[in-house]
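Visitor: What follows is the residue order along each chain.
Protein chains: 2
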Amino acid sequence: MLVAKKIFELPVLTTLSGKTIGNVRIGWESYGTLNAERSNAILVCHFFSGTSHAAGKYQENDPLPGYWDAIIGPGKAIDTNKYFVFSSDTLVNVNANDPMVTTTGPASIDPATGKPYGMSFPLVTIGDFVRAQKALVDHLGIQKLHAVMGPSMGGLQTYEWAASYPDMMERIVPVIAAGAPGAWLIAWLNVWAAPIHLDPNWNGGDYYDRAAPLAGLAEAIKIIGLQANHFEWVDATYGANFARADLDPLAALDNKFAVEAAFEAAGAARAALSDANHLLYLVKANQAFIPGSGAGAKSASEGLKRIKAPALILHTPTDQVFPASWVKATAQALVDNGVRVESAEIVGPFGHLNGLYAIAPQGGQIADFLARPVAAGM
Amino acid sequence: MLVAKKIFELPVLTTLSGKTIGNVRIGWESYGTLNAERSNAILVCHFFSGTSHAAGKYQENDPLPGYWDAIIGPGKAIDTNKYFVFSSDTLVNVNANDPMVTTTGPASIDPATGKPYGMSFPLVTIGDFVRAQKALVDHLGIQKLHAVMGPSMGGLQTYEWAASYPDMMERIVPVIAAGAPGAWLIAWLNVWAAPIHLDPNWNGGDYYDRAAPLAGLAEAIKIIGLQANHFEWVDATYGANFARADLDPLAALDNKFAVEAAFEAAGAARAALSDANHLLYLVKANQAFIPGSGAGAKSASEGLKRIKAPALILHTPTDQVFPASWVKATAQALVDNGVRVESAEIVGPFGHLNGLYAIAPQGGQIADFLARPVAAGM
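Residue numbers (the working numbering), protein chains in the order written: chain Y, 1 to 378; chain F, 1 to 378.
The hints are all genuine.
Repeated chains share a single entry, so a pair holds when one copy, or any two copies, can fit it.
Mimicking DSSO-like on lysine-lysine, the simulated pairs with C-alpha atoms at most 27 Å apart in a straight line are:
1) K19 with K256
2) K256 with K298
3) K5 with K57
4) K134 with K298
5) K115 with K5
6) K144 with K82
7) K6 with K134
8) K134 with K144
9) K134 with K308
10) K328 with K298
11) K19 with K298
12) K328 with K305
Source of the hints: derived by calculation from the structure; they are not laboratory data. Being a predicted model, the structure only gives us computed values, none of them experimental.
Make the full structure from the sequences, and use the hints.
Guide: Right, here's the structure in full:
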């Protein structure tokens with residue numbers, strides 16, 4: 001399945017905090033065809049370090065397809081012969097320097113000055129991400145989405161959609177995401193941001209005309225990758241191997257184990273396509289997440305009470321980003337509020353990343369949930 | 001129980017890698033009285049960010065006693081009316097600037113130059129820590145320890161003792177520690193070290209005549225504290241509270257949630273008494289840990305085969321430093337090697353730190369294990 005990137009432009013976005021952002025541009029892509037009734041649309045929201053590339057390839061020789069390609073495509077669980085599936089890059093997407101990503105954030109040109117916003121870009125929330133997506137949905141003439149879904153931060157956006165626009169979707173599928181981040185994840189998000197603050201090249205966020213804080217950004221991405229993973233896979237993959245067999249880690253402080261070199265290299269590779277300020281803004285948006293903020297909710301419990309759409313909620317037991325017990329607590333809160341909820345566990349060796357890499361076995365359940373008439377009950 | 005710090009001096013220590021360190025000084029303290037036969041000594045080894053202050057107070061008005069005071073003292077599980085309990089600061093102890101800690105490492109004066117070693121200090125291992133402790137044990141005239149024990153890195157030292165000097169103790173109690181770090185912990189130790197490398201004040205380890213890299217060091221300690229904890233306690237303690245009620249975290253990038261401010265403050269407080277190079281050396285020692293290295297073992301499985309002492313091995317199910325499955329695998333390896341092993345689970349809300357803060361309920365089992373004649377079987 002070959003896909004093309006499209007760009008959605010919004011002359012002005014008013015944020016939930018009342019700031020305006022001019023010339024908003026976000027990338028998006030779609031799979032399948034919107035039907036005449038515009039009733040077969042499924043919105044897929046992406047995770048923290050992800051993009052709108054949920055499925056397919058841009059070119060035949062791309063090394064990897066989009067992250068949920070296992071379940072999105074013709075004849076797959078989210079069958080693009082039936083559904084019009086689409087996804088958009090969030091505001092302040094971290095992959096700001098990836099040529100296939102279009103986002104608006106601190107690295108974007110401020111139309112008022114002709115220079116990058118830097119730290120003058122307003123703080124935005126998950127509610128603002130969804131507000132921008134809502135403009136795209138309106139632009140497409142879609143009045144009711146068949147479903148909203150997504151993994152991790154994509155699940156947060158799903159909860160925000162369902163709480164802020166409860167009549168705009170028939171069902172939701174939040175995956176490896178809870179209805180609130182919890183103090184512990186707020187603290188880890190702080191850890192993810194800290195290396196950028198330590199990098200002298202960050203320079204208070206003012207680096208667009210000089211060297212970017214790539215060392216701090218690479219370190220941030222490295223930590224995120226490790227936390228999203230699980231020791232079962234990491235141990236089995238790297239063991240106590242040296243990065244270079246001839247360089248014993250005990251012979252010099254700089255000599256590394258294979259696992260150190262691998263995660264550092266992955267962080268550095270991603271950093272080259274990413275923006276440090278965007279990561280800081282993304283951290284803040286996740287820390288401050290309140291579902292239903294777009295409708296004025298001031299707490300997670302208040303926001304969750306606004307949700308009406310039936311939900312299929314997936315967790316994974318070894319998750320160290322959104323622990324399974326948090327996800328289950330969110331599901332229970334929805335049940336207590338009278339929402340019809342179906343839950344399931346994703347099994348795999350990847351920790352949080354099971355929601356991406358081990359999603360395929362859940363395809364049948366997802367397909368059934370998407371096909372079941374909402375009025376018919378669970 | 002009031003305790004006094006003592007200092008053990010070793011004119012020269014030859015490391016396992018063949019380097020020599022002159023004028024080695026390590027702090028130590030003891031509780032109870034060594035009997036005439038010198039047969040009632042229990043060595044307690046400290047954790048990564050800990051010190052030899054295992055129990056008691058230095059002064060009546062100390063805010064807190066030593067970390068295992070709940071189980072060490074007169075009439076307690078490790079009864080100092082019966083046992084002579086002692087503990088020493090490791091080499092490259094991270095709390096190098098704590099006036100109650102004496103250690104030898106990069107921050108120490110090199111007798112050859114009259115200046116701090118800095119990065120010219122040789123890399124050392126857990127095996128070297130134990131080699132220095134062994135010199136203290138010899139100095140005390142103890143030929144056989146009643147027990148060796150300790151939590152986390154203290155457990156690593158315990159395994160090293162049992163594998164390198166298998167006839168020098170009657171029993172061991174490794175707590176929340178596995179026989180090898182595993183790739184996943186090697187990678188997290190790398191994360192703990194990284195903020196120091198990012199701090200420009202680190203200056204390649206050469207900072208003893210200028211500003212120390214306290215920001216990086218504080219960040220490192222913050223991460224360690226968070227990883228050693230557990231979301232159950234963190235969430236219950238901090239929730240989504242703001243650090244300052246009048247400063248909404250969404251109003252400015254620098255405004256924080258309470259949990260962020262608390263972990264940052266704890267890291268900064270500890271950093272003021274710590275040394276960044278010592279932390280880097282400690283990271284390396286833990287990453288490269290091989291039990292029995294002092295006797296030439298080249299792998300964990302080889303080293304564990306040298307252990308003969310009966311073991312009481314404690315794990316905790318929510319541990320995100322030494323996962324319970326790792327600890328259980330080490331226990332099983334010892335069983336497979338014919339060692340008599342007793343295992344138990346520590347229950348509590350603190351994650352890895354259950355091995356410190358939730359140890360009290362294990363006191364009865366520890367007391368029984370310490371009192372049981374080794375020849376009598378389990």
